[in-house]
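**Student:** What follows is each chain in one-letter form.
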Amino acid sequence: MPIKVYGTPTSTCTQRVLTTLIEKGLPYELIKVNLAAGEQKTQEYLDEKQPFGVVPVLIDEDGFKIYESRAICRYLELKYKGKGTELMPTNDVKALGLFEQAASIEMSYYDPMKGLGDPDEAKIALYREQLNAKLDVYEKILSKQPYLAGQDFTLADLFHLSYGNRLVKLNEGHFFESRPHVKDWWNRITSRPSWQQVLALA
Amino acid sequence: MGCSSSVSSSQPVHRTNNIQSSYDTRGTIVVYGMIQSPATQRILATLIEKGLKFQLKVINLKAGENLSRSYLEKQPFGTIPALDDVDGFTIYESRAISRYLEMKYKDKGTELIPKGNIKVEGLFEQAASIELSYFDSYANGIVTERIFKKMRGGEPDMNKVAELRRDLAKNLDVYDQILSTQSYLAGNMFTLADLFHLPLGSLLLKCGEGELFESRSHVKQWWNKISTRQAWKTVQAMA
Numbered sequence: 001m002p003i004k005v006y007g008t009p010t011s012t013c014t015q016r017v018l019t020t021l022i023e024k025g026l027p028y029e030l031i032k033v034n035l036a037a038g039e040q041k042t043q044e045y046l047d048e049k050q051p052f053g054v055v056p057v058l059i060d061e062d063g064f065k066i067y068e069s070r071a072i073c074r075y076l077e078l079k080y081k082g083k084g085t086e087l088m089p090t091n092d093v094k095a096l097g098l099f100e101q102a103a104s105i106e107m108s109y110y111d112p113m114k115g116l117g118d119p120d121e122a123k124i125a126l127y128r129e130q131l132n133a134k135l136d137v138y139e140k141i142l143s144k145q146p147y148l149a150g151q152d153f154t155l156a157d158l159f160h161l162s163y164g165n166r167l168v169k170l171n172e173g174h175f176f177e178s179r180p181h182v183k184d185w186w187n188r189i190t191s192r193p194s195w196q197q198v199l200a201l202a
Numbered sequence: 001m002g003c004s005s006s007v008s009s010s011q012p013v014h015r016t017n018n019i020q021s022s023y024d025t026r027g028t029i030v031v032y033g034m035i036q037s038p039a040t041q042r043i044l045a046t047l048i049e050k051g052l053k054f055q056l057k058v059i060n061l062k063a064g065e066n067l068s069r070s071y072l073e074k075q076p077f078g079t080i081p082a083l084d085d086v087d088g089f090t091i092y093e094s095r096a097i098s099r100y101l102e103m104k105y106k107d108k109g110t111e112l113i114p115k116g117n118i119k120v121e122g123l124f125e126q127a128a129s130i131e132l133s134y135f136d137s138y139a140n141g142i143v144t145e146r147i148f149k150k151m152r153g154g155e156p157d158m159n160k161v162a163e164l165r166r167d168l169a170k171n172l173d174v175y176d177q178i179l180s181t182q183s184y185l186a187g188n189m190f191t192l193a194d195l196f197h198l199p200l201g202s203l204l205l206k207c208g209e210g211e212l213f214e215s216r217s218h219v220k221q222w223w224n225k226i227s228t229r230q231a232w233k234t235v236q237a238m239a
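Chain order of the listed sequences is A and F.
The UniProt record's numbering applies: residue 1 is where the first sequence begins, and numbers increase by one.
The UniProt record's numbering applies: residue 1 is where the second sequence begins, and numbers increase by one.
Hints are computed from structural coordinates only; laboratory data are not their basis.
Just to be clear, a hint being listed does not mean it is correct.
Stated by the list, open to error - Some chain F residues flagged as far from chain A (calculated, every beta-carbon gap over 12 Å):
#1 Leu-52
#2 Ser-68
#3 Ser-133
#4 Ile-147
#5 Tyr-184
#6 Gly-210
#7 Asn-224
#8 Gln-230
#9 Ala-237
Stated by the list, open to error - Reference listing, derived: stretches of chain F covered by chain A, where coverage requires no fewer than 3 residues with Cβ under 8 Å from a Cβ of chain A:
#10 83-92
#11 117-126
#12 168-179
All residues carry an ideal CB built from backbone N, CA and C; glycine is no exception.
Based on the sequences and whatever the hints tell you, model everything.
**Tutor:** The structure is reproduced here in structure tokens:
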């Protein structure tokens, strides 16, 4: 039984999981959940797939079910450690600590910025101000190292791809373009074949 | 609030002036933060669960100490906490710090992340993500309005609170379901995924939002279990 992902190719959270599967060289089947029709809120979905009523959900080859995109990605890295790209450092406690720091930075300072599609002008102005301040810090960090956790590409960088892409699609790519090290980092991570493949699915 | 102090988990409190740059802290874990800060409390709880000695160097937010050049060198986002390990290794972000402490001091004190079984670890990661996705921002939003805003002389936006409370309530209904078949969020073992809820959960109770837990029998049981742990009681006594 192949790995099954329940989600959609345009969902930012599903994209995270698909990118990871491709980085690890893992075959999978994407089973589309009809978000427009509210399939994820049906009792059947809530009972059998994801009790909070969101996508994605992953069912592994042996039937093991896991949800929450970042948890799924971490699980795939743990389970398929030797396959494809290494996406989390192994063994070195300091390197792992710095990876966790970078993963938390993504959740604390970047993920909240997904509100940029908001129609409320005042809110958008606030988001811009906050995102600018935070990306200034990213610029500082990335001036000393190529990736957020250090020298190597990790899940901490990968987790940024889908919302960053949404920013660019909203014509807000200048947030990255205006900061030379952020720009370099963004170009590097978005040009990875795995991400290009996921974009082609969307 | 605002006084410098250093605290060791197993010794009487002694005071240290935290601007004495000549104070040698090598060999000690140093926490930079404030006892009243939820994020700082998260790592204090972890340190105490692991039985680790530490010193607290107060970074007074009101006085803007988090924006000093020396602090920004440690934590470039200017938020608290940050931690220096015994060998001078610096790390920030409370959940990252807690995970790091668990990895580094695996054999000390309480085990806080299950190891050895990939499915169990996966379910831990799922639970840790649940805290972030469905609890943290709602609880933080409510507590910011009802406690922190007031502290700064502002008035809470009770419409915003009502909206956040409604969303958090829906999510806690799911928690109640999950906790009806297992004792803790990741399974049958207490983990960091539960611990991470303690600071904001306690503040929710303090500002009169306890009904969110009390009205859901499995959530109530879970909350009672985790909030009466000795390590958490110790942290609360410090604040």
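**Student:** All hints are to be evaluated individually against the structure, with a verdict given for each.
**Tutor:** A quick look at each hint next to the structure:
In this structure Leu-52 (chain F) is separated from chain A by more than 12 Å, as the shortest Cβ-Cβ distance comes to about 14 Å. Residue-level check passed: Ser-68 (chain F) sits 16 Å from the nearest beta carbon of chain A, beyond 12 Å. Its beta-carbon lying about 6 Å from the closest one in chain A, Ser-133 (chain F) breaks the requirement of being farther than 12 Å from that chain. With a cut of 12 Å on Cβ distances, Ile-147 (chain F) stays outside the contact zone with chain A, its closest approach being about 20 Å.
Its beta-carbon lying about 16 Å from the closest one in chain A, Tyr-184 (chain F) satisfies the requirement of being farther than 12 Å from that chain. The claim that Gly-210 (chain F) is not at the interface with chain A holds, since no C-beta of that chain comes within 12 Å of its own (minimum 23 Å). Listed as a non-interface residue, Asn-224 (chain F) keeps its Cβ farther than 12 Å from every Cβ of chain A; the least gap is roughly 22 Å. Residue placement check: Gln-230 (chain F) keeps its beta carbon more than 12 Å from all beta carbons of chain A (closest about 26 Å).
Even its closest Cβ contact with chain A, about 27 Å, leaves Ala-237 (chain F) beyond 12 Å, as expected for a residue assigned away from the interface. Beta-carbon proximity to chain A at under 8 Å applies to 3 residues in the segment 83-92 of chain F; the threshold of 3 is reached and the given coverage holds. Against chain A, the segment 117-126 of chain F contributes 7 residues with a C-beta closer than 8 Å to a partner C-beta. That satisfies the three-residue criterion, and the hint holds. Beta-carbon proximity to chain A at under 8 Å applies to 4 residues in the segment 168-179 of chain F; the threshold of 3 is reached and the given coverage holds.
Checked against the numbered hints listed earlier, the structure breaks hint 3 alone; every other hint is satisfied.
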